[in-house]
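Participant: Given the coordinates of chain A, work out where chains B and C should sit on it, guided by the hints.
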Amino acid sequence: MRQCSKFFIAALMLAASVSLVFAGGAAEAPRDVSPDEFYRSNDTIEMIISWSAGGGTDTIGRLMAPYLSRHISGQPNVQVVNVTGGGGIEGHNEFALRRRADGFNMLFSAGSSKMAYLLNEPGIRFDFADMQPAFGVPAGAVIYSNPRAGVSSVQDLLNPSEPLRFGSIGVASTDAIVLLAFDVLGLDVQTIFGYEGSGAIRIAFEQGEVNINRDGTIGYLGNVLPLVEEGYAVPLFTFGQVRDGEVVRDPAFPELPSIAEVHEELYGTPPSGHTWEIFKAVSQVLFTLEKVMWFQQDAPESAMLAVREGAVRVSQDPDFRAQGQQVFGPYELIVGDEIESAVSDMLSALSVEVRQDFVQFLVDNYDLDPR
Amino acid sequence: MHNLKLGFGILLFVLFSGAAYTSIGFHRLAMYFPFAVSVIGVILSGVYVGKLIFARRQGQAGPSSETAVDSIDAVTEVRKALPYLAWFLGYILLISLAGIVAASVVFLAAFLYREARMRWWGVVISITSTLVLLLAFSRIMRLYWPRNLLGL
Amino acid sequence: MLEAGLEALTMILQPARMGFILLGSVIGIVVGILPGMGGAVGMSVVLPFVFGMDPYSGMALLMGMVAVIHTADTFPSVLLGIPGSAGSQSTIMDGYPLAQQGQAARALGAAFTASLVGGLIGAALLFGTVSVARPLVLALRSPELFMLTLLGLSMMAILSQSSPLAGILSGVLGLFLGSIGGAPAISRYRFTFDLIYLLDGIPMPVLALGLFALPEMLDLLVRQTNIAGQAELSGSWVEGIKDAIKHRWLIVWNAILGVLIGVVPGLGGPVVNWVTYGLAARTCKNNENFGKGDIRGVIAPEAANNAKEGGALVPTMLFGVPGSSTTAILLGGLILMGIQAGPRMVSTDLPIMLTIIWTLAIANVFGAVLCLSLSGVVSKISLIPGKLLVPFLFVIMIVASYQSTRHWGDIITFVVIGILGWVMKRIDWPRAPLIIGFVLSTPAERYLHLSMSRYGFEWMKSPIVIGIAVAIVGILFYGSLRGVKKEKRDA
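Chains as they are written, first to last, in the numbering used here: chain A, 1 to 371; chain B, 1 to 152; chain C, 1 to 491.
Next comes chain A alone, as it looks inside the complex (with noise of 0.2 Å):
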């Protein structure tokens, strides 16, 4: 027994020395100093992406991650981590809470988490608000239209030989925007809720059991511009990009038009009105600004700064801009002073009215759960 007690204490002891030993090196002081040498080439920054590896917004940032590594002053490593968990708000949450303001620590975020955002779903312990942007990756979308499901061009959107169907994974997630967008252009759609994800869909699309469908820029020069070509798909229009409150051709796609030429062709006169407010509003913080790269507020200023001018080095990289050409699509990063004024832009889009009606759109047309 008397040895048992010895075992134990000794068990103890290197229990004990071993955390302490894990324990030391995380503690640091903060570093206070320029930009420049913010970083170190044996540092590591976290990139925390919300969703699992494979998706979307992982794939993009893990196409930024080694450029960022080479281009930020200091060249210290920049690493992903998939925190997933709550259909993106787990990594948010994370980062917000519990996730240290040092500059060590950045948050990618897409549109899906912006739409939860928006839509205030359960679970959200974040604000944008309190966060500063680094640098952001426009996206866009193109609606397109089943040939022989009834709809082979704009102007059969309003007379279609059968009745429009629009396949969803649900209302609570970016298919929302196309929802407002069929009620900009007075579309009649019936929507069927409940696909598994946008390749589902497509499947879905091809099958002829929904004919008008939505896809990313990627996934449908991959995806649909081959379909199109035997004449099995039809694009319609694109979202387009908003500036300056206006909404111009999106620029991955200058020969299709956009929602807003669209209108007028239907009927005569651009799309005006409170229902078109919001769409733009929403437009922007979705498409326009789609992914952002956030620091926390409180995160030292020449980390961001660090990483901001890296990112303009990024850009400019012409190994990045090839392979960004396949990844997201012919964008330019929204970088500098840009992106500053742009995520302002963004979150005074999403003020306090702009989110009411949009919910109350959902709410009175889709089910949507108040809240």
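Derived by calculation from the structure, the hints in this document are not laboratory data.
Misleading hints may appear alongside valid ones.
Across the chosen pairs, the derived CB separations fall in these ranges [claimed, not checked]: (1) I412/C / G59/B: 34 to 42 Å; (2) A4/C / Q190/A: 42 to 50 Å; (3) T129/C / P330/A: 31 to 39 Å; (4) P83/B / F49/C: 43 to 51 Å.
Because the structure is a prediction, the values reported are computed rather than measured.
From the three backbone atoms N, C-alpha and C, an ideal C-beta is built for every residue, glycine too.
Facilitator: For chains B and C alone, kept in the frame of chain A given last:
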């Protein structure tokens, strides 16, 4: 075994009843599936419990004591397993307090020494090698540890 | 096509690329052996390295790993009764009893041979059908997918022959556990008690680990022995290979079945191995030993789960619809190398598709040979006394389940489900129906809702739907007829 079955059957009955009741409050489209599933669960677990009670009545009437023997065996089995379950729960509690590295050291040392009666040097060697392996893997595979209350 | 195939082979048969396949296979084996860590963990290891590789080499590394994980995951399933990954759950049913009889090496030998042949058949079928596979996937609309889900659910009945009421109840419990989290038909959360952890539902790897691993570990401690229950092992892996050769048609049929189920988008790995196991248990002659250590119960699912990887590449590569977290990461990796999955895979990008198929085949051979050569040594694990083995396993289990979502909820779920599994084991309730119900719960609800909201009741008139319905009835009745016959024989 019989009592264990009965207890588990009643537990399921309660669980499914609660689930059926809760799901009534859901939106129509979210309700029908869990409601149907839990109602089937309520019915089947009711039948299950009913059959067991019926069988017990019959068993008491008859001279057969097979169920009684069974239940003694099952009870001893459960009783034997409980201490080990306690070890595991203790380990998990320790992880939450001290972090996984320290907790694993203490758990392995104590278990191997007390339960497996390993010599102390065997304990030290096996723990060290486990730690080295775990840490190496965590580096290579980017594994993550459960965080404890102190954030270790 | 053949010419293009040979050309693709010469792309792969370069020393550096073969080296990458081998490296991928070794990583795949390590990931497969560690219980509970599926392809997602392995992929995140490899992904950073594919940067800057040429597409053929990068693919060799990625596919090498993907192909081998489902060979190596047999080790923990057979030796410890713990599912090595989602694809080898049903291997436990007969593999672990064999290990408990000291025949671990034989079971492993048979399993790896079946894996090897199954994987090669999968690759060959994929090669033969890749250019015509699109219509097959397009024939499966939501109603057909719903019926296939029902077909999967009918396995619950087959796997609970010993105690039907308990088996069905266990399946219903699985269906209920699967309905926790977001509802598929509408954006509402169910039974989440405001816990963020439950919003996405219970993670499948944690459920499988808890249900099978914790009970086995406790029992091993209580029995005070080693897994084999004896001091020496009988049977060698050579014997297992002979078993596999003896049941070669079983391998071929299950490989074909595995490819077919693999092609179905949205069903996934666990379904394949339970369906093939259930069908084998139902249709093989002299099937009373299934569940107690019948070597055919190891061969059938192992042949299918490796062949499935070939079939699963159809939705993954041709439609960009990943069937599992592993293939999701494969898609991400390909995008990083500048390759977009989609219809072009069978037109302009055909060479890439063909190299993927070759890599799959070659990696299967590497993986099976490596695993076979390891099986003699590794099967000695079943001779280690439980009290020495279990504490280490428990540490691994905790670390493994924590990798699912890196949330304390993983560990708590592991323990709660573990205690549930242990109670079920003690009172002889089959646990397989629970897993099947859990895995198919969301697809069942999803496809029923999609069918109804798109087609009303019209969908029931589809000939494929009726065909599958007839097949389900056939499967259910076939077994009970045999059951009746057997009773008559016994009487």
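Participant: Now tell me if each hint is right for this structure.
Facilitator: Hint check:
no. : hint                        : result
1   : I412/C / G59/B: 34 to 42 Å  : 38 Å, holds
2   : A4/C / Q190/A: 42 to 50 Å   : 43 Å, holds
3   : T129/C / P330/A: 31 to 39 Å : 35 Å, holds
4   : P83/B / F49/C: 43 to 51 Å   : 46 Å, holds
Consistency note: the structure conflicts with none of the earlier hints.
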